[in-house]
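Q: So you can see what is in the structure, the chains are spelled out below.
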Amino acid sequence: MSEKKIKNIFVAGPITPDFIAKSIANHGSKTGIGGHSIFMGQVRMDEIDGKLVSAIDYTAYEALALNKMHEIREEIFSKYPLSCMHIHHSLGEITAGEICLFVFTSSKHRKPAIDACNELVERIKAELPIWGKEIFADSSHQWKENI
Amino acid sequence: MSEKKIKNIFVAGPITPDFIAKSIANHGSKTGIGGHSIFMGQVRMDEIDGKLVSAIDYTAYEALALNKMHEIREEIFSKYPLSCMHIHHSLGEITAGEICLFVFTSSKHRKPAIDACNELVERIKAELPIWGKEIFADSSHQWKENI
Amino acid sequence: MHIEIISFGKISELMDNQTIEIEGVGNTDELQQYLEKKYPALKEMKYKLALNKNIVQQNAQLKNHDCIAIMPPFSGG
Amino acid sequence: MHIEIISFGKISELMDNQTIEIEGVGNTDELQQYLEKKYPALKEMKYKLALNKNIVQQNAQLKNHDCIAIMPPFSGG
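Quick note, the sequences are listed as chains P, L, C and A, same order.
Those letters in the first sequence? Residues 1 to 147, by the numbering used here.
Those letters in the second sequence? Residues 1 to 147, by the numbering used here.
Those letters in the third sequence? Residues 1 to 77, by the numbering used here.
Those letters in the fourth sequence? Residues 1 to 77, by the numbering used here.
If you're looking for bench data, these hints aren't it; they were derived computationally from the structure.
Even glycine gets a Cβ: it sits at the ideal position worked out from N, Cα and C.
Mixed in with the good hints, there may be bad ones.
So these bits of chain L aren't anywhere near chain C, every CB distance computed over 10 Å [said to hold, decoys possible]:
no. : residue
1   : N8
2   : E127
3   : A137
Straight-line C-alpha distance at most 25 Å; calculated DMTMM-like pairs for lysine to aspartate or glutamate [stated by the list, open to error]:
no. : chain 1 : residue 1 : chain 2 : residue 2
4   : A       : K38       : A       : D16
5   : A       : K43       : P       : E74
6   : L       : K111      : P       : D138
7   : P       : K108      : L       : E119
8   : P       : K108      : L       : E74
9   : C       : K43       : C       : D66
10  : C       : K53       : L       : E62
11  : L       : K30       : P       : E127
12  : C       : K53       : L       : E122
13  : P       : K108      : L       : D115
14  : P       : K111      : L       : E145
15  : A       : K46       : A       : D29
16  : L       : K125      : P       : D49
17  : C       : K46       : L       : E122
18  : C       : K53       : L       : D115
19  : P       : K111      : L       : D138
20  : L       : K5        : L       : D49
21  : L       : K4        : L       : E145
22  : C       : K37       : C       : E23
23  : C       : K43       : C       : D29
24  : L       : K7        : L       : E62
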C-alpha cells in the first residue's frame, strides 16, 4: 500500500445536491478532463410487509472501511487512467429521497471514468463494512441486506 | 413512435453545476428511486499541433436531432426499467472546463440506471446531428471528430 | 423544381444554405451527383444526406420544395 | 488475556461492546467458538471477524489487548 494519506469518505447526514454541485464546479479548472461519471445512491421508501421505510440509519466500522477504501482507491487508480476520484458515504439517519452515496470519477476520455465508477460502486457495496438499518414509519426497524 | 411530446435537449451555453444540482434535487420527492447515474461531457483544452483548444462551438440540425433523440429515448425507456431520464446538450461556444453534455438516469435498483446512461451517451455521440468546432486561442479552428 | 439545401459543420464552410432550382434531378442520388459536380471538394468528404429531417438510407424520390441537409460525421458530446 | 470485542449492525443488538478477560483462547477460531457458546444466536447468523482492523481470512493468533470486530454482511450504499 502506498504512503498516500487515507481520505475520509464519511459524511454526517445526507449528501446534498449543493455539495455535489460544488464538487462538479471544482473540476472546471481541470481542463484535461473530457468525461465525468457519477453514481448516487438514494434512500428508497420501500414497502416491506405493509410498512414503509422512512429512513435508513447508517453505521460503519470506520477505521476498517477507510483502510479498505484506500486499498480500493489505489487499485482503481492503477487500473484506469483517471484524473479524479471522489467518494462520499453518509452516516446517521438518511430520510427516504435523500442521497447516501456519491461516487464521482473523471478522465480524459469517457470510458475509464464510466468503468471505474461502476466498479467502485460494486466494490463499495460488497467490501466496505457499512450497515444500513431501515427505519419504518412506526419506529420499528430491520437491517438492510444488499442484494 | 409514440405520441409523447418531443422534448428539447438543447441549452444555449454551458450546463452549469447549479443546473445539475437543481435537476438532482428535483428527484428528492421520487422515493421509489434507489440509484442515479450521471454522465457529463466537459470541453477539454487539447493541444493540437502546438495550439490549445480554448472552446468548442456546437451547432446542431436541431429538428432532426430532437426527432432522433425522441426515438432513442423511447427505445431506452422500453429496454430498461427507468424512473427518469434527462438529457441536455449545449449549443454555442463552450469554454474549456465547462460542461457541454449532461445525461441523467434513475431507477429503483442501480443497474438499469447505469446501463441506460452508458448506452445513451454512446448513442448521443453516434446518432445525433451535432457538430463541434474546436476554437484555438489564436481564433483559428478545426472541426472536432468523435473517435 | 425548388430544393432547399442546408449544410452543417465543416461542409457549411464549403457552401451556403440556398434554394436551388433544378430540372432533371428526380432523386437523392442524382442530387448528390449534382452537388459533387458543383462543389468538387464534397467528393473528398464523408457525409450523409437528410431529406426533410430524415436521414437518407437509400435513394429517395425528390419533390418540389423538399429540404436536403448535407451532414458531415457527427461530433456532439 | 484481555480482548476487546466490538460488534456492528444486527449483531450489535445481540451483544454489547466489551472487553473480556479469557484464558485458554489462543486464536480467532477458538474465540469464535467461545462467542457462539456465549451468544448462541450468533451460530445462526452470517458474519465475519476482523482482527485489529483487518478482516480475518484464516485462523489467526490472538495476543493481549487485541480487538476483534464481529460484522454481519455489509449493506452500505
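Q: Next step is simple, just say for each hint if it's right about the structure.
A: How the hints compare with the structure:
no.: 1; hint: N8; verdict: holds, 15 Å
no.: 2; hint: E127; verdict: violated, 7 Å
no.: 3; hint: A137; verdict: holds, 20 Å
no.: 4; hint: A:K38 x A:D16; verdict: holds, 12 Å
no.: 5; hint: A:K43 x P:E74; verdict: violated, 36 Å
no.: 6; hint: L:K111 x P:D138; verdict: violated, 31 Å
no.: 7; hint: P:K108 x L:E119; verdict: holds, 19 Å
no.: 8; hint: P:K108 x L:E74; verdict: violated, 30 Å
no.: 9; hint: C:K43 x C:D66; verdict: holds, 23 Å
no.: 10; hint: C:K53 x L:E62; verdict: holds, 9 Å
no.: 11; hint: L:K30 x P:E127; verdict: violated, 28 Å
no.: 12; hint: C:K53 x L:E122; verdict: holds, 21 Å
no.: 13; hint: P:K108 x L:D115; verdict: holds, 21 Å
no.: 14; hint: P:K111 x L:E145; verdict: holds, 17 Å
no.: 15; hint: A:K46 x A:D29; verdict: holds, 15 Å
no.: 16; hint: L:K125 x P:D49; verdict: violated, 45 Å
no.: 17; hint: C:K46 x L:E122; verdict: holds, 20 Å
no.: 18; hint: C:K53 x L:D115; verdict: violated, 29 Å
no.: 19; hint: P:K111 x L:D138; verdict: violated, 31 Å
no.: 20; hint: L:K5 x L:D49; verdict: violated, 45 Å
no.: 21; hint: L:K4 x L:E145; verdict: violated, 32 Å
no.: 22; hint: C:K37 x C:E23; verdict: holds, 15 Å
no.: 23; hint: C:K43 x C:D29; verdict: holds, 13 Å
no.: 24; hint: L:K7 x L:E62; verdict: holds, 11 Å
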